[in-house]
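Asker: Sequence:
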Amino acid sequence: MSTVPLPRPRPIEATEPFWSALRSHRVVLQRCGACATWIHYPRRRCTACTSEDLRWEEVSGHGVVSTFTVARQPTHPAFADEVPQLLAVVELDVGVRVTTTLTGVDPADVHIGMAVVPSFDDGDDGVTLLRFTPA
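Okay, so the sequence shown: first residue is 0 according to numbering that gives the first Met the number 0, each after it adds one.
Rather than coming from a laboratory, the hints here were simulated on the basis of the structure. Predicted model only: the values in this text are computed from it and were never measured. Any given hint could be a false lead.
To be verified - Label pairs and their calculated CB-CB ranges:
no.	residue 1	residue 2	range
1	D121	H61	19 to 27 Å
2	I38	T132	31 to 39 Å
3	D52	V82	19 to 27 Å
4	S50	A77	17 to 25 Å
5	T14	A47	18 to 26 Å
6	G122	W55	18 to 26 Å
Quick reminder that beta carbons are idealized off the backbone N, C-alpha and C, glycines included.
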């Protein structure tokens, strides 16, 4: 088991609602009130129209694997016990893409277009990470 501390996100004002929802095992995303564009990663302005009218809305978190790679070398010393790591980009049903780790699946079974659902990795430090597992 690795004794190297895990790298953890550091929420800021713009991202806190996202991380807070994950702690409650919910997925929330920003949506523009002006043009209805879904936005991820959280920010202060809409990526489509630059409006500041951004709202948080809960989504199912269901999606499909858009791309993936199998990391057979640790991506960080703290992940030495987790190789191979399944690193992926998941396209959520609402259209945004999320960089993540897949869990609960053999690397040989992962494929582009595979349906996935959110899973939540609760850390001892109060941080919950969004992962995905096969649907």
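Asker: Could you tell me which of the numbered hints above are not met by this structure, giving the numbers in increasing order?
Answerer: Failing hints, ascending: 2, 3, 4.
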